[in-house]
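Protein chains in written order, with our numbering: chain Z, 31 to 347; chain F, 31 to 347.
Wrong hints could be hidden among the right ones.
Because identical chains cannot be distinguished in the list, a pair is counted as satisfied if it fits within a single copy or across any two copies.
[Unchecked claim] List of simulated lysine to aspartate or glutamate pairs, EDC-like, C-alpha gap at most 20 Å:
#1 289 - 275
#2 289 - 232
#3 77 - 172
#4 289 - 300
#5 289 - 229
#6 77 - 328
#7 295 - 321
#8 295 - 339
#9 289 - 325
#10 346 - 46
#11 346 - 321
#12 107 - 274
#13 295 - 138
#14 289 - 321
#15 77 - 304
#16 107 - 268
#17 107 - 46
#18 77 - 239
#19 295 - 319
#20 104 - 304
#21 295 - 268
#22 107 - 138
#23 295 - 328
#24 289 - 46
#25 346 - 274
Calculated from the structure, these hints are not laboratory results.
Here is how the chains run, residue by residue.
Number of protein chains: 2
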Amino acid sequence: MAVAEETLAANVLRGDVRAIARAITTVENDAPEAAALLSALFPHAGKAVVIGVTGPPGAGKSTLVDRMTAHLRKAGKTVGIVAVDPTSPYTGGAILGDRIRMQAHATDEGVFIRSMATRGHLGGLAAATGRVLTVLQAAGKDVILVETVGVGQDEVEIVGAADVSVVVLVPGLGDEVQALKAGIMEIADVFVVNKADREGVDRVVAEIESMLSLAPAVDGERPAIVQTVAANDQGVAELLSAVDDFRGRAERTGVLARKRRAHLKQEFEDTLQERLMRVVRRRVLGPDEVERTVDRLEARAVDPFAAADAVIERMKI
Amino acid sequence: MAVAEETLAANVLRGDVRAIARAITTVENDAPEAAALLSALFPHAGKAVVIGVTGPPGAGKSTLVDRMTAHLRKAGKTVGIVAVDPTSPYTGGAILGDRIRMQAHATDEGVFIRSMATRGHLGGLAAATGRVLTVLQAAGKDVILVETVGVGQDEVEIVGAADVSVVVLVPGLGDEVQALKAGIMEIADVFVVNKADREGVDRVVAEIESMLSLAPAVDGERPAIVQTVAANDQGVAELLSAVDDFRGRAERTGVLARKRRAHLKQEFEDTLQERLMRVVRRRVLGPDEVERTVDRLEARAVDPFAAADAVIERMKI
């Protein structure tokens, strides 16, 4: 490893804020030095508690994450926050998001906040988030909160890979939310009904309970449902204790170990796929081969499967 | 190609509804016969107009798609609808969705509707959707509407790959929608403000206009903004004519050809990656190698990058 990466890794390990920021940029962009850096950090990762927070837009996830952070800080824990935000070239969404979030914890060295753009990551968003988590874990954060704003496949996968997955819903978001709930229902370890001072809270709770009653309970336990009004700090302590309860139970029953193992397997396979494709692009595909293949695809003279198989054939694997 | 696939492909090409359904299941699940089937269908694909429809939950996308379908049918066009829905093992969301949609067009042979689950696709959701589109195009549908319910990275990618991308917003969805809008803003060729009989419609239109004014116009043209009340069929004809206008312009300026080329390139690279990993799993990785690697990852005795590079090294590419 080059001296520069060695120094950067050492500075991350002692929790230096600027080093963490630089390391995250390096691994998020998958810069050439990212692999060496991650190799140096990986042995020190895996100790933090990772809490994923997801739910439909308008559920108040960011406020909830801010409030959870305040409680965790009071309890003496250091906190990392990864907000997976949609970005726009117009508004620079991620940066704006950081600024708003920063206000509450700006002067607190015990909180590191980073927004991630949702697009253009080599190997996909989930893989990039995994790399960022490795950096924050190696930096010694006690708890890492991963918040996703989107509610697509990648975002569900990211939150599902956390030690504890929190799904946030609110009263009165309309029927289509029912459909969204279906997609994220399976990954929920703890449900939050936020904005619980609004009308319709009982209906949402009843709907969650009715869905849960159809599913097999894990070790006789069903996900807790916690009501919060994050803006007034109501129910946030209860939420954190439900998260702790789940984690304690998951540790005892082996559920946590299985989750973490599944996540490591995914991380290995994603990394293998990503680095393999990079080597294939560099050493197997000729300089203009992709463009020439696309010419033939446009002419419908070949199909993507036959074209791919021809490349693989040549590799003599 | 086996006789069974040959027959299935021939039946898809003549538009047989049961054959289309079976072919979609085959390619969605990436069954062993999927590649041969797609190779047979691909030369006949590429002629349909593909319209992507996305936007936050609650925007009324499904109603809009239903209304667009009715107008297209009146104009004598055959229509394929792909609804990318979150699925749950509890509620079987996708199937339920199909049933509700089916009611309006159940007896119409000129409409083929399919909901896709958002999870568990080899090579990702976007790749699976691409395969389903190939089937519907080969089956001779004139127009294909792709509706995504989620608003994550994959869903944006899917809609962005359409010939024309329609982004649906509504008045009064709260502040977090602003953030979501940023993520999907870039892919919009046509904006719809649906439920335009609600309060706040002027504000939404003004916000879109203000965002657009910050972006460079393509050939001096900015995306149209169409107001609709889909439930009452208001503005739907105007929307379809805005879609036609965009497509006509995109055809003349070469924008459409560039979009389609970029999509074919992505399809080739996704297919190559997917099939390459399959071969590596079968021929390179030993029977227990993945599990043994995960053991070492758990012990932090190796990191994912070093483990992946060791496999690639052995392949002597």
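Here is how each hint holds up against the structure:
1. 289 - 275: Within one copy only: 16 Å inside, 50 Å across.
2. 289 - 232: neither (32 Å within a copy, 48 Å between copies)
3. 77 - 172: within (8 Å within a copy, 55 Å between copies)
4. 289 - 300: within (16 Å within a copy, 27 Å between copies)
5. 289 - 229: The answer is neither: 36 Å in one copy and 46 Å across copies each exceed 20 Å.
6. 77 - 328: between (50 Å within a copy, 11 Å between copies)
7. 295 - 321: between (34 Å within a copy, 8 Å between copies)
8. 295 - 339: This pair counts as between: shortest inter-copy Cα distance 15 Å, intra-copy 26 Å.
9. 289 - 325: between (44 Å within a copy, 14 Å between copies)
10. 346 - 46: Intra 47 Å, inter 40 Å, cutoff 20 Å: neither.
11. 346 - 321: Classified as neither; 23 Å inside a copy, 25 Å across copies.
12. 107 - 274: Within one copy only: 14 Å inside, 57 Å across.
13. 295 - 138: neither (35 Å within a copy, 46 Å between copies)
14. 289 - 321: Between copies only: 14 Å across chains, 41 Å inside a chain, cut-off 20 Å.
15. 77 - 304: neither (26 Å within a copy, 33 Å between copies)
16. 107 - 268: This pair counts as within: shortest intra-copy Cα distance 17 Å, inter-copy 56 Å.
17. 107 - 46: Close inside one copy (16 Å), not across copies (62 Å); limit 20 Å.
18. 77 - 239: Intra 33 Å, inter 47 Å, cutoff 20 Å: neither.
19. 295 - 319: Between copies only: 11 Å across chains, 32 Å inside a chain, cut-off 20 Å.
20. 104 - 304: neither (40 Å within a copy, 47 Å between copies)
21. 295 - 268: Neither way: residue 295 and residue 268 sit 33 Å apart in one copy and 50 Å across, limit 20 Å.
22. 107 - 138: Within. Shortest intra-copy distance 12 Å satisfies the 20 Å Cα cut-off; inter-copy 61 Å does not.
23. 295 - 328: between (37 Å within a copy, 10 Å between copies)
24. 289 - 46: Neither. Shortest intra-copy (30 Å) and inter-copy (44 Å) distances fail the 20 Å Cα cut-off.
25. 346 - 274: Neither way: residue 346 and residue 274 sit 51 Å apart in one copy and 48 Å across, limit 20 Å.
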